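A.B. asks: So the chains spell out like this:
There are 4 protein chains.
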Amino acid sequence: MIPRYSRPDMVAIWSPQTKFRIWYEIEAHACDAQAELGVIPKASAEAVWKARDVEFDVDRIDEIERTTKHDVIAFLTHLAEIIGNEEARFVHQGMTSSDVLDTTFNVQLVRAADILLADMDGLLEALKRRALEHRDTIRIGRSHGIHAEPTTMGLTFARFHAEMKRNRERLETARKEIATGAISGAVGTFANIDPAVEAHVCEKLGLAPEPISTQVIPRDRHAAFFAALGVVASSIENVATEIRHMQRTEVLEAEEFFSKGQKGSSAMPHKRNPVLTENLTGLARLVRMTVVPAMENVALWHERDISHSSVERNIGPDATVTLDFALARLTQVIDRLVIYPDNMIANMNRFRGLVHSQRVLLALTQKGVSREDAYRLVQRNAMKVWEQGADFMEELKADAEVTAALSPAEIEDKFDLGYHTRHVDTIFARVFGDG
Amino acid sequence: MIPRYSRPDMVAIWSPQTKFRIWYEIEAHACDAQAELGVIPKASAEAVWKARDVEFDVDRIDEIERTTKHDVIAFLTHLAEIIGNEEARFVHQGMTSSDVLDTTFNVQLVRAADILLADMDGLLEALKRRALEHRDTIRIGRSHGIHAEPTTMGLTFARFHAEMKRNRERLETARKEIATGAISGAVGTFANIDPAVEAHVCEKLGLAPEPISTQVIPRDRHAAFFAALGVVASSIENVATEIRHMQRTEVLEAEEFFSKGQKGSSAMPHKRNPVLTENLTGLARLVRMTVVPAMENVALWHERDISHSSVERNIGPDATVTLDFALARLTQVIDRLVIYPDNMIANMNRFRGLVHSQRVLLALTQKGVSREDAYRLVQRNAMKVWEQGADFMEELKADAEVTAALSPAEIEDKFDLGYHTRHVDTIFARVFGDG
Amino acid sequence: MIPRYSRPDMVAIWSPQTKFRIWYEIEAHACDAQAELGVIPKASAEAVWKARDVEFDVDRIDEIERTTKHDVIAFLTHLAEIIGNEEARFVHQGMTSSDVLDTTFNVQLVRAADILLADMDGLLEALKRRALEHRDTIRIGRSHGIHAEPTTMGLTFARFHAEMKRNRERLETARKEIATGAISGAVGTFANIDPAVEAHVCEKLGLAPEPISTQVIPRDRHAAFFAALGVVASSIENVATEIRHMQRTEVLEAEEFFSKGQKGSSAMPHKRNPVLTENLTGLARLVRMTVVPAMENVALWHERDISHSSVERNIGPDATVTLDFALARLTQVIDRLVIYPDNMIANMNRFRGLVHSQRVLLALTQKGVSREDAYRLVQRNAMKVWEQGADFMEELKADAEVTAALSPAEIEDKFDLGYHTRHVDTIFARVFGDG
Amino acid sequence: MIPRYSRPDMVAIWSPQTKFRIWYEIEAHACDAQAELGVIPKASAEAVWKARDVEFDVDRIDEIERTTKHDVIAFLTHLAEIIGNEEARFVHQGMTSSDVLDTTFNVQLVRAADILLADMDGLLEALKRRALEHRDTIRIGRSHGIHAEPTTMGLTFARFHAEMKRNRERLETARKEIATGAISGAVGTFANIDPAVEAHVCEKLGLAPEPISTQVIPRDRHAAFFAALGVVASSIENVATEIRHMQRTEVLEAEEFFSKGQKGSSAMPHKRNPVLTENLTGLARLVRMTVVPAMENVALWHERDISHSSVERNIGPDATVTLDFALARLTQVIDRLVIYPDNMIANMNRFRGLVHSQRVLLALTQKGVSREDAYRLVQRNAMKVWEQGADFMEELKADAEVTAALSPAEIEDKFDLGYHTRHVDTIFARVFGDG
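Protein chains in written order, with the numbering used here: chain Z, 559 to 993; chain W, 559 to 993; chain G, 559 to 993; chain U, 559 to 993.
Take these hints with a grain of salt, some might be off.
The list treats identical chains as interchangeable, and a pair is accepted whether it falls inside one copy or across any two copies.
Here are the simulated DSS-like cross-link-like pairs (lysine-lysine), alpha carbons at most 27 Å apart as the crow flies [said to hold, decoys possible]: (1) 762 <-> 734; (2) 734 <-> 723; (3) 955 <-> 829; (4) 608 <-> 734.
Derived from the structure by calculation, the hints contain no laboratory data.
Quick caveat: nothing in here was measured; it's all calculated off a predicted structure.
Next comes chain Z alone, as it looks inside the complex:
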């Protein structure tokens, strides 16, 4: 995570200020529950809420931590400075640091997931708009980077929309995976704290209580969370790769938006680099690299060891901040992508009708020409196009053996692009619904 690839809202989730605020809320809600159970005085629980609107002094907490060498104790000491030592006495009673730390981490991940879901909604909207806009913009479909059959630019946007919609579901599942909290004590037995406290705190924070925890919340949840992010990132790379291809000089079917003022482009007007999508390709790798360590974090020793912690302190912010930035950047790219329908047509026609050779072949066989003969007929005309730059339809019309089977009108019919796009509506209905 570096500022260059960060957006403020996501960064804020991972700030010390936010972290202490969540710690505070956990402690305060826990006090309420403890008071309700009669474990601590109600007045003490209420007193904790005095800090409700206080901004915690991060420097002061750091200062205390330098002495105590313990972050939660440092925070509790600072809290006592705010609400008074007498009232603070009952805060954190029966709890373990991990109760606070692990529940907080999940709150942060839930909030991060909410931002990512909103990002995804924005991307879906952009993709849908562009899909509808270019529903009928014909371009050549390519397999292996080689021309195959016609398709439309709208279908390209539509398939990215479908892919991102699946990613939205994966993000929702991922959010659910880590939307749990645990306040269950040193080894998860609730030895010193009633399960009711956990229930209350989780309810207030919008989490489900972790059915069974140890000192920590089980890390398979987090592995699944980061794995989902890795899939989303890979889809971003997929879209980015398409655009990078479309923008390359010889293809030029689309370009990332260039503001008029952007320098350097007009002396070499062809030199507009798809730097945003190249950047997205790299960002995808950064998100993806967090998946394996998140999986390595699952196997902890007995009721916990702390090997996962340094990993999460990094990949928690890194993966979410980077993915948020990448989704926003991709949305902007899609939104403003400059499409060149004329170049699409020009590219498709590069081989003067050869793209229709398959249909002609099929038509000949349907007219009773043997497959071998049909192939030979198509081939000899195709080779004239390929080698001598002839026009495929003209050659076919001039070939007596061909016209013996197909009339000129029938030949022309095989060159009708509408044939390839007649199911576009059906596909759009599948992707976007009939509305």
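We have chain Z; now place chains W, G and U onto it with these hints.
C.D. replies: Quick look at chains W, G and U alone, frame taken from chain Z:
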């Protein structure tokens, strides 16, 4: 995937025989749909079913492929040899090889997922049985590998159960991810085939039609599938790590089952190595390593390139066969795991009561002793235990300052293990339901 | 590792037959050393060599293993069947299974490395030949997929040569990393065997004795080995990516070789897919995925656990067989790559001279035109080319403000391609030496 | 990279200040070379050195970049503000931004490697000191976590020393890999700049000229660099894992150093957690995760795309800063590790002599007892030890069948620990040399 770590049912899914069988079914169902649409003669469609019970000759197909250099054409040629050239003429009409290949791959993954789900059910059953069996078997909980507070062996099994139940859900989601088929032509436009064919074939194969495909089914689905397998594998490593720790000489709270006849163990009776769980640790790495390439496969060029194919030819079988084997092995390990409750108690009592120091500390403060004094009292008695091998309870009872606050009965009460296990039923109800 | 992507020599290294042969050699050499030390009778050591030319019966060994559940014992039993029980009595004395297994694994990796080095030599030769052949074949250099400045096809081959030469060195280093053997007993203390045995066996096998082993050879060596393979694979992907780009329809500067007989290409003569290099892209992922598990294998418990073994049984053959196949395939691709110099020129001239705009700009400033003015002059002519399809040189010659600074001859000089290639010889000398 | 796991010297390498300083040096040296070639005036080149001792104003450069959207231009503008527009006119002439950026990145990596090498020297020194200190400290060697045969703590340190020495060589190789610079222009042809400039700049910066570059330095170099870091990190995990095992409650053969003042430990004196080595385990994952993206960075499109850049902006600092911190932390852990020789002996003697069963078995067969009988004899006495807590040596001495073959003195001899350590000096000489 090597025979040593393979089980036959899963291996069979990936055999050429199975593959050709699925190809055949796709082609035959497609013919039915084409006949229904009037595209091909009904009689021809029916004739294809003549091969219904024929075992395809894999060697023959390979032989043809050496000439044609194309696997699908080789298969179709062989099929024609069975049902007759005349009838075979309409098979595969309007279809693209990828229609068959990609749909088949997903059928295989669905079947693999079904086996994995059944494996998981077996594992869940074993974990539940052992959890109930050892619900009250006390052992020391450990954080950082260091004794913390008492827990029970049942809770250990129960948390693995909860984790594997989540993994079951992940496998179900993963199954849904790849339970789609596509028969949509060279670039996904249905140019030469009606969407009704896809609908029919998918219904027959238990798949959903892929809403929008290109030449291929989008690979984000497969990335999500393999990512789920990677999470499951990481959980297997988690359980394996626990058992390896329990079996190490100094701990010896459990052992993998050793048959009486297993050689070499009796001259060195302590030398029973947890080789199965060590093996599972390695297998987990093998499954996990497939996640990143599956994600790298997502970004294909335009409507498809074939870079994903060599990857999938390997990781498809490798990850599913290895995970199947690992789940089955783990189930067997859990089923037969030899538990040593006496050693658990002996380990816990290693420090002659020190494990209860926290409760004594708390009790003192609750009796009005200041936190500093309480700490000092506990500490001076704890150090006698630690340094001189004294018994903690005896020391406390002999300490006048302690007994001024706590009666001998109250001290004894703090050494009651029941305190730590009183919420076990609650946790079990969360994990297994109340039944 | 699947047959489709395998070559026999590398596969043979990993056959049971080869493995048993190496086991045998280790045992036989160890007997010689033991006899030399007087630990076992010389006659017994000599007798072991009776099996020198015997082909071991893998099925028989497997059969014995099913009873003994121990592979090394099964082999030794079979060996005794060949050389006689009496003589076999002293075989393996003082040794531990791992002495044999680990040393054998390293022998296999060394042999694999030797094949990879030979593969690399073949690739280097092909790259050099093509580099020299196309030293002066002008093509446009591209950054971000966008035309930049002219370069030559020879430079492209030359840089791949330089990259692969570095990879050759990495392979040599990797070979050295794992060219060690260990015969040091159960925990590496030589308790039951003299270090002289290790020294003798290693010398005979072409290995260095591992300076300090435990039960196993330390796995950082293997991690480094597989990491080197991962780098080589990534370079293969790099070359493959270049070729895939060159072959895409709109670029068509090169094509993978198509044999005349290869079917299906002539009715759609443009439809020649770069399937070999796409395949190489996937194979690179397969090799690369072995790097992380090899690194996870480094941390073993105490003097050894066996978690690494299942990983290595897979990635040992998989990574080496796949990389061997990939290197050979890439060599073939390079060897036969069809280059289209005319298309290269046509692509470069796509923008009618704009590629030289930078040089014109520079020339103007060198003639004293201010940078702002020079930029304005170049820009207004460039835009005519870009928007109206004019010819850049013609426009410049017709622009009075330009010709005030630059004569027609001077303008023409800026369009000289030789300017861009004048240092090619220097670079070639750096890469290939002056010879 | 987060402050918690960072050390200032390594962080400084990646500061904007350092980066601009290296940019400046490259530009200034390039001017000298250009002046020498007569391309720019000598006075202008000399003038650039006016900024030699100036601290660049990072905020000012950022401010300019917000306008120009180009970091190198922003820097050059700021440089012009310092040395004067007139003199600055010739700076960067004929160069491409990447000439500066890529060469700078390598300078940073070289400096990072130098720090890592110094770190490694510190670690090696600590390991050697502890190895010599505990050369003869007997402990049980363990395979599979199960007691095997005796070894010494010194051998453990020595093998880590040997492993880290290999890592030192890998770091040196890695340093060499990236110690190159390139000043070769937009596509690497030196079109606008003489190779002599590159030669001069590289010499001044301690780099070798990259034999053939494109717009960028080839990324296989960086992949190899990060792979080496990943291997080093895995070895750190290896050492950390050993210590974590040694510190676990039931083993307690060593502990990370605890300062007297460290709170919380004395009321639960057994509760000293190996948090530093657990942390190192996590840090190893963080370094290792950078390997795959570095390898994915190798395949760039044609003469360059910029997908690698965002990856490197993160993993460059992240991997080096984390590894530096980890090496320093590990050195401190090793330096101060508290070793408990008495516990080592107690652990070894846990099974009252059974650890010597193998030697007794061997002795019996050497005395002519058949292997079957010898096994039976050892077994029946071993089982008494295992099941009834008897003492192995006593039982053997009391077994008439045993004493028929071995005298009491001979039996006692088999329990001599010196047998296991008699080759320690040989091994130490291999690792540390004879000095």
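A.B. asks: Does each hint hold? Answer for all of them.
C.D. replies: Here's how the hints hold up against the structure:
| no. | hint | in the structure |
| --- | --- | --- |
| 1 | 762 <-> 734 | within (16 Å within a copy, 33 Å between copies) |
| 2 | 734 <-> 723 | both (17 Å within a copy, 15 Å between copies) |
| 3 | 955 <-> 829 | between (42 Å within a copy, 23 Å between copies) |
| 4 | 608 <-> 734 | neither (32 Å within a copy, 50 Å between copies) |
The structure is inconsistent with hint 4 alone, although it conforms to all the rest.
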